[in-house]
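Asker: As a plain string of letters, each chain reads:
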Amino acid sequence: MLPVPTEYYLVLSGVLFTIGVIGVLIKRNPIVIFMCIELMLNAVNLSFVALGRHFGHINGQMYVIFVMAVAAAEVAIGLGIIVAVFRTRETINIDEINLLKY
Amino acid sequence: MPAIDFSSVSVDTMMLMPVIVLWLTAAAIMLGNTFFWRDKRAWPAIISLVAIVVSALFCFNIRSTYADSMTTAFADSVKVDYVSFMGNIALLVTAFLSVLVAWTYLRNKGLNRSDYYVLLLLSVSGAMLMTDANDLIVLFLGLEILSFALYALVGFSTKEARSEEASIKYFLLGAFASAFLLYGISMVYGVMQSTNLDVIFAKASQMHGFSAMLLAGVGLLLVGLGFKAALIPFHQWTPDVYDGAPTSVTAFMAAAAKIGAFIALLRVFDALSPVKVAWLPAVQILAILSMIFGNILAISQTSLKRLLAYSSIAHAGYLMVAIASLPVSTTGHRLTGLASQSAIFYLFAYVFMTMGAFGVMVYLSPEGKEFQSIKDLKGLSRTNPVAAYGMMFFMLSLGGIPPTMGFMGKWQIFMSAVQNGQIMLSIVMALASVFAVYYYLRVVYMMTFEEPVGASPKAATSCAPVRSVLAISAFATIIFGLAPGWLISLLTVNNPAAK
Amino acid sequence: MNWELLFFWMLATVSIGSALAVVANKNPVRSALFLVTNFFVLALFYLTLSAQFVALVQVIVYAGAIMVLFLFVIMLLNLGAPESLRERGGLQAPVAIVLALSFLIAISGAGAISSGLPKSAATAASLEKGGEVEAIGHALFNPGLPWLFAFEVTSILLLVGVVGAIVLAKRRA
Amino acid sequence: MPDTIAKHLLSWVIFLPIIGALILMFAFKRPQDEEDAHHHAIVLADGEVAPTTPNSANAIRNFTLFWSALTFALSLALLFKFDTSPGEKFQFVDGPFEWIPQFHVNYHIGIDGISLLLILLTTFLTLLSVGFSFNIKRRVKEYMIFLLLLETAMTGVFCALDLVLFYVFWEAVLIPMYFLIGIWGHDRRIFAAVKFFLYTFAGSVLMLVGIVYLYVATGSFSVVDLVSRGADAHQLLLGIKPQTMLYLFSAFSLAFMIKVPMFPFHTWLPDAHVEAPTAGSVILAGIMLKMGAYGFIRFALPLFPEQAKAAAPLFLALAVIGIVYGAVVATVQPDMKKLVAYSSVSHLGFVMLGIFSFTKLGLTGAVLQSVNHGISTGMLFFMVGMMYERKHTREISAYGGIKRIVPVFAAFFLIALLSSVALPLTNGFVGEFTILQGVYISPISGSIYAGIASTGMVLSAIYMLWMFQRVFTGPVTHESNKSLLDLTKVEIAVLVPLVALVFWIGCASPYWTKFLTAPVTNIQNDVGLGQMQLPEDGDPRVIIPKEQSKAGKEIIPIASN
Amino acid sequence: MQLGTANLVWLITALPLVGFLLNVFLGRKLGKPNSGLLATVLVFASFAISVLVFMSMVSMDGEHRRAFASLLPGGGEVPWIVIGSFKVTFTALIDPLSMLMCLIVTGVGGLIHMYAMGYMAEDKDYPRFFTYLNLFIFFMLILVLGSNILLMFVGWEGVGLCSYLLISFWFEDMNNSKAGNKAFIVNRIGDVGYALGIMAIFATFGTLTFYTAEGTGFLDMAKHGIALGGVPLTIEVAGIIALLLFIGACGKSAQFPLFVWLPDAMAGPTPVSALIHAATMVTAGVVMITRVSPIISMSTMAMTVIASVGLFTAVFAATIALTQNDIKKVLAYSTVSQLGYMFLGCGVGAYSAAMFHVMTHAFFKALLFLGAGSVIHAMHHEQDMRKMGGLQNKIKTTYFTMLVGWLAICGMFPFAGFWSKDEILANASGFPKLGMMFYIIGVATAILTAFYMTRLMAKTFWTNQRFDEAALSDHDHSDAHAAEDHTTDHGDDHAHGHGGVQESPKSMLIPLIVLAALSAVGGLVGTPWLNKFEAYLEPVIAGPEMHPAFPIPVGLVIGVLAAAIGMGLCRSLYMKHKENGELMTEEQKNNSAVYQGSLNLWYFDEMTTHLGVNTGGRVARFWSWIDRNIVDGLVNTLGGSGSLMSEIFRRSQTGFVRSYALMMILGVVGVVVAVLWPIIGH
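These protein sequence lines are chains U, F, X, W and A, in that order. So the first sequence is residues 238 to 339, counted in the working numbering. So the second sequence is residues 21 to 519, counted in the working numbering. So the third sequence is residues 11 to 183, counted in the working numbering. So the fourth sequence is residues 17 to 577, counted in the working numbering. So the fifth sequence is residues 282 to 963, counted in the working numbering.
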């Protein structure tokens, strides 16, 4: 009945999520890492919406709205942190940020 | 369109007053700072303390009103029961002590800004939402409020590279973890069509066989919350962040994040207890890894903050034993067993021990100097016996040695574990706590056995607030160690199943 | 083969491609632009999933506000030049890819995302109206539903974000 | 005696020291450290030695002495009011008062004869230790506080009738002792203190799991309920699977074995003893090791009788190994304290042997030997400490031929030594012989164990006398030793009570063993061995009619010329 | 039956104890000679009471000469140990055996005390000496008087202690100290056997009391062949008990192989050698075996072992005594040898003969030791017989008294030793199967005895003087006695001031004379024709009937002949070498394996020393090494492994966010797999 089966969306969302994960793991620029995290969140959003449609109720979309709010706040904080780090160290390469270890 | 009925809102708001008070206070402090005192005075701290007390009074009020019944608010998205009550009280105690710690610490560090208290109150409110949450989305939002405020607090000392490093590490990993949590929520939603914990429980109880999506979702929830709780292998941020963050923040986050995360874990996994068979092995593995490696890793630490960080990982492992001991509930009387009681008791113990230990660190950090290394404690008992023996109590309590509160907590977790068949875990826990004692004792012998070297650690200036923290914590550690009955009774009144 | 499915495959290809490009690109600015692409594609998906309001918000908030902020910071910190960050070889990338893929394989292999859904309960009405602003509004502000409270909480969340950002980024003497 | 005290006499005995500690904590100032052996005297610019402020330190010392004497006196009241007739199992019972009602944890204390003797030993040795510790110059206040805390914890261990209460006291003992070793110990004190703490702690955490398991299975932490047949909790105990009971028994036993310590868990002992200050060593050897034996008697045996009987061969074997092993290793120790420490391993092997013979003789002897060991080894440690104070070394080779120089010292040392080698008419003999006799007649152990264990008599003579020979006899080997001082009056005052006890117990043991008759029978009943029909159970007054002389037919006829 | 003097018995033991205590606390104040006098008087007082008690006992009906008395004032059964039915009281058993020993101990002991007052007069530790002596007498009396075997054990170990203390009396010489240790430790080995024997007795009989008035003592039972303990009384059980007790006796009475301590024990002052290591303590084994004769007699096996060991020891020690140069060593080995005789007697069931020999031996061996002491005293602490000679005219009293002792020990008619030794040998000959062998070897040993004793007399008295009399005052003593000098540092002038050989003071001579008299006539109480002694002891002994293999006169004649052969041969040989008093040249000595063997105790001591001390020490050190490095090493490694692992694992905390994230994703995969396992697994 649904033109595109929900599972398709879910798998797509899983793939996007995984790409986001890979990005987080292999990128060195925290901004890009952060972008990859946003990618992961969006992947989840996709599955929320798809599931919501599947169940025929609005809840799936509600989650997305909250996730967007969270993402927005997260960006504010995250970029603030990145700026602050850049101020103290003049770099944001996370491979150079390891004063704290062991 | 159906007519919207707002009549229940005022009652619901009453239920949430403890949190709302904090929100209002945060706003008030911001305004006050802008218009009145401008970071100069102690007002924000005092106002915060008052607000916390008021919030606690609301808690007690709610409790006395709804004494023996569980109730929910805001269309079941918030639960009001003894767990939320105790969780809120624990968090408010944490906040109270944290404000006092910060009062002294921020002065000595030259960080005395009102924003700190705003963020602190907001983050406590987030954690309180986590404890109240009866819906995964509320849980998620609460967790994010807590986390965002903590990211900012960790990086609060903006001129310190260490602080900012800690902040960015915490932030990146935290965001990463919360993405997993969210994915987990979506999977649970995909199976249950709802994220309400009551619904989840009801549906899970009626499920036949396993749903892969549900199980994967449960696993990802465990990851997301396990990160906040600092379980191995999601722990690696902990030492770095504890180390880099301003000490007062470390103290606060150690306790508050743990309370929020574990009460959330309790709620979630209790709701999921019908599928305990599936998640139990994972929980057991995380518990064992955390207990063993948390303690082992702590042994070789030289920085007290890192040591306490690893110890907090180990404590998370102990608490995980309680999670693993959650009974498979069938009656609908949820979170009434020994497992949740013992976990909450332990969280209380952990609050006092941790706040006390960090309090001592703050107490020993005079202006311009920050206490860091365990070696700085050498001979403390000669130069400052009160601080030294106070610290000794916290360490012994963290080590779970009677007659301290830490022992009483550990003992109850043992009981819940044994009662629910987790004997293997209790044995691992017992043996792991031997390793733990090893490094706690190292702190103790540095203070007491060694002679002071060079200039002895001086007390911080304007240390009255932090001294009161030490006094409160030490008192609680001993009193609840000797007579835990009152606290336990608070945990059991609402609790017909437990004897 | 219906058009919708074809459309899905096309969009899926673009979204995966752009996501990969985000990861693969060494220039953060380009990564950001590919991410914007990805977000647009997702918005299109939402439209096909009859979530019109969400699609709109996706474009406004994500592709618009958030990504602009990203680019702003990249420019601010002058990190736009490619290869401003040295890349070193090592096991990190291969191990990361293997682990991430095994995660995907585990959840999909077990059927966690590819099977087991109940029969769809979607109705024509839900498909038609479910994503409109009105429906969203009624859900969001109904005290009988949990969203009202979550919505209120979101305000605090944003407040925290604002205060946090100010605390962190404000330059002090 | 005021009524409130008389009513809760036992609680007063337990908690009086802690009250003293609190008074010390709050009512006394922290004194300046006096000139100490380890540290140079504070010399002022003009060469004058800085005036020390002994007053407050002395006040602390005197107060602690007074207070421990008070505690001892109060514990003597226990002795005099004790009823030795086999009536109530526990006397001076206080409680059960609800402590943690949610888990049925009660404050419940009471003593039987075994506890009584060990409590007296505790208060007595603490008193002497305080007296001896007048020589402590550093951090006097803390020292005395820890001693008093230790006393409370140890006494509590011997009184607790509730498993949780017991465990709390049991662990609480570690803390003050840890500090005593760590702060006032010798060179490797930190290592020793940590090892001591960790080793014993490691042993007892599993016991905690066991205790908890018992509670979960039975709903009771009360030893009284768990042990007494017919009680609900006991019935539940019977329902636990034998395999599980064995694990529980192992958990309890491990804790006690480490504390005793039995081979092969003994290695913390030499380290702790060598590094501890004298009073610490005395209390460690004199009392704390007995906690392990007491644990077996009070908990492990009555709670798990079948398991204990089944495991008896293992324990007997380990005990015997410990006896020989400890003695052999003691022989070649160059350090006097270490020698005495290893001798403790050997002596405690006897105690364990006695316990696991399950005979009246063995059990009585074991308790008596516990007390004896406290006295004789305590005395030896005191004297080694005195020697250390004089010369700052415990190496045997640093002495030699000093009997001529310190004859009184040598005489006291000889008495302690003879008590330790179990010479008749000293206390050691009564304990050791009755143990061996009990082991011999026990069907569980038998003569082989007695035979091997009795080699300990020879070995103890070897290591003790050899040490005496090397330290005291022969020509004076070190010129510096010629100026050694003989015992001071204070030192004699510490030792004389011990000597008196050595002979009192050695010559009039019934005064002490009468307290043990009832409890030992109780233990035998708890373990289910009441019907063993051993020679010790017989009636000695059976009159044999002379006419029955033909009874033994296989005997060679004895010609009476 | 009531003993009229029962309420005096406690004084027998109490008086020496009082002496001990007084000397402990007041000895230094009393000083010389008062402390010695006090001790001596108290022992003689004890002797006097013993005599009184003895008289009243003898007045009892012969069959029932047994009484019990408290060892404490006030009477009654004062318990020492009471546990269950295990009960030991401080009660004295008054019977012929105990009273005989009482008299010997207090009588001979008193004499030796008296002697010591002279002998030790120069010693600065004079009070300490008498302290120990009194303590010894006390314990010895406990040993003989104890009404149960555990009380006997008290005395047994107590005298061991005193022996230890007195051997190492001059402790400043390490050799003395070592000898003391050796004595104590070797004795302890025996004591273990004894203690196990006691335990076996309790296990078998359920009591440790010898006899009771009701007939419930274990000897009462043994006599009737019944037992009330858990173990049935069979021959094997009796044999085991007997052998265990005999191990104890071996230790105390210096039987092979536990005799090694006794020769070394001569390091003690000579009165000690006389009292403890000749007259009283070393015979305790015989007393004990005699006491438990009802049990011993049950097992032929045990009896054979005892007799064989005794006889072997007798021969073995005699061969060693042949070549010793130290006058006290000769006497020591002679003592070992004579004790062997006694055990031969016990072994063949001739308990009364053995006890008879105990008594006569006490007389003559004490005499010989005291005489030797007198010689040593005269020679200014020279003990080497090679440096003596020609003393017969210089110290006449000593010489004549020693002559009596010599005759007695050689078994010359009619001296004391003759009767007792002969009775043993005669009874031995009647032992089933082995009797004649025992007899022949016994007689051969008697010849050896006569030979070495004559050698002693010859070397000391009869051969020519081999020392420079004037030099004796120069303190040019052998190293071995440096310590003895050392102790007398303060008394240099008055002690050895007057040079030359001098007869001992009266206090030393009177005991000699008394003992000589006893040695001469003491044997007459037990002649084969009128054996009063045997009759006297009969109530306490239970042994088989004795049937000597040949008529009594034959035995007596053989005995005299044996003694005469030995004495005559030796004397004639030494008279030929009167100049240097040596039968062999140095070269001959060095080349003679037999001589060297004998001189070196057949290397037995070296062997045991090597085995016991060196190998034992090595084992102990090795064991100690194992303890530190393996048993404790494991513990420490386990403890250290925590730190080590910590150091290793903390490296995983690299500080790089990406590696943390990697760890997290690893955890995610792990958790997801674990959670999904129920599905993936199928």
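It is possible that some hints are incorrect.
To be verified - Only pairs whose alpha carbons sit at most 20 angstroms apart, straight line, appear in this in silico SDA-like list of lysine to any residue: (1) W:Lys407 - W:Val492; (2) F:Lys296 - A:Lys313; (3) W:Lys530 - A:Lys368; (4) A:Lys714 - A:Ile728.
None of these hints come from the bench; they were simulated from the model. Source: prediction; values computed, not measured.
Asker: Look at each hint and say if it fits the structure.
Answerer: Structure-based check of each hint:
1. W:Lys407 - W:Val492: holds, 14 angstroms
2. F:Lys296 - A:Lys313: Violated. Lys296 of chain F to Lys313 of chain A sits at ~93 angstroms, over the 20 angstroms cutoff.
3. W:Lys530 - A:Lys368: The given pair, whose Cα atoms are some 12 angstroms apart, holds under the 20 angstroms limit.
4. A:Lys714 - A:Ile728: Violated, because 24 angstroms separates the two Cα atoms, which is more than 20 angstroms.
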